[in-house]
Amino acid sequence: MTVSEGWEPGSFKARVDQVLHRFAAGEADQLTAIDGSLGPVADAMEAAVADGKRLRAAFCYWGWRAAGQPDSDALVRAAASMELVHAAAVVHDDLIDDSPLRHGRPTAHLALREAVKDHPEPALAAGSLAMLAGDLLMSMAGQLFVTSGLPAAYLSRARPLWACLARELVAGECLEILHTGAAAPDTATSLKVVRYKTAKYTVEQPLLIGALLGGAGERLREGCSAYGLPLGEAFQLRDDLLGLFGDPELTGKDGSDDVRGHRPTALLSETWRLAGEEDRARLRTLLAPGAETRTADSADAVREVMRRLEAPDRIEDMITARVEEALRALDELDLPGPAATALTGLAHSAAVRRS
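Okay, so the sequence shown: first residue is 25 according to the working numbering, each after it adds one.
No lab work stands behind these hints: they were computed from the structure.
One or more hints might be untrue.
Taking CB as the label site, the calculated pair distances span [as the list claims (entries may be wrong)]:
id, residue 1, residue 2, range
1, 175, 145, 33 to 39 Å
2, 274, 348, 24 to 30 Å
3, 171, 324, 46 to 52 Å
4, 183, 61, 31 to 37 Å
5, 208, 365, 22 to 28 Å
6, 54, 128, 26 to 32 Å
7, 74, 145, 24 to 30 Å
In this text, all values refer to a predicted model and were calculated from it rather than measured experimentally.
We put the CB at the ideal spot given by N, CA and C, even for glycine.
Could you put together the complete structure from these sequences and hints?
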């Protein structure tokens, strides 16, 4: 594939998929060589990397190209490591949230229950296996990055950002846990969770890592953040909307997940901000800890309140504002044509989607 003259998302995704599937298969073989009973854990690890839009790898790739570098198979391998970070985060996040579905299939901690059906506490044991599978995926991300084939001097430019990526990703997940179930959801707090749990490792940090690998100067690095942060926030805000209002056949997720977990999404926070006392009382009942009604029916009731208060429209406005901010930052960078075109297209792909 030649991407120097144009952006072909499908072809790029195929390249990344090939890297990930081969790497994961090799790791699975090495794991099961230790003991055949580790097969279900290896399967869960491979399943975690089987699907995906590969946006994080794409942002890393185009950070490299924005720095003036040519297409490179070694860089594609390094970029693919961003998808292993994502896979690790997803396995852990699904476990923390007790989410039942991902890409329309049982999440790792549920899929692994069959392997421990004779364990005295199968749910706990399956969760432990999923946690360890997620840990393995994060370790694999670092391994794929350092063995990508890029020169050591190039890798050393970006290595410090890996520690920052891990720290901020963990911080975002912790913030979500700490604020889940808040009596009075707060939009500023929700947006901070959005920024650290998703926005940074989805757009800004992959883009910066690619740019640093390519030898980017200070102006380009600053531009990557100015583009990446608002776009990453727009990506997660869209995810929040799709979580409650998207088609589960397309999202592959349980549409009542966020309500069932009483998560501190910006959508819920904006609904609370717009609500009067009667609606707030209704939300308290629907979201009460241990509420037997916190099911698909309660999710429908929460959706009704949100629609009536036009909270989804408010989130749409926030998405639009952030995409516009990102594109203005991109325009100011005066990038090579292919990089500017690709990053413009990626901005729309990240924020305007149905899954």
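Right, here's what the structure says about each hint:
At roughly 49 Å, the beta carbons of residue 175 and residue 145 sit outside the given window of 33 to 39 Å. Checked against the hint of 24 to 30 Å, the pair residue 274 and residue 348 passes, with Cβ atoms roughly 26 Å apart. In this structure the hint that residue 171 and residue 324 lie 46 to 52 Å apart at CB holds, the actual value being about 49 Å. Hint check: residue 183 to residue 61, Cβ distance near 35 Å, so the stated range 31 to 37 Å holds.
The beta-carbon spacing between residue 208 and residue 365, approximately 44 Å, falls outside the hinted interval of 22 to 28 Å. At about 29 Å, the CB distance of residue 54 to residue 128 agrees with the hint of 26 to 32 Å. Here the CB-CB span from residue 74 to residue 145 is close to 28 Å, well matched to the stated 24 to 30 Å.
In the structure shown, a violation is registered for the earlier hints numbered 1 and 5, in ascending order.
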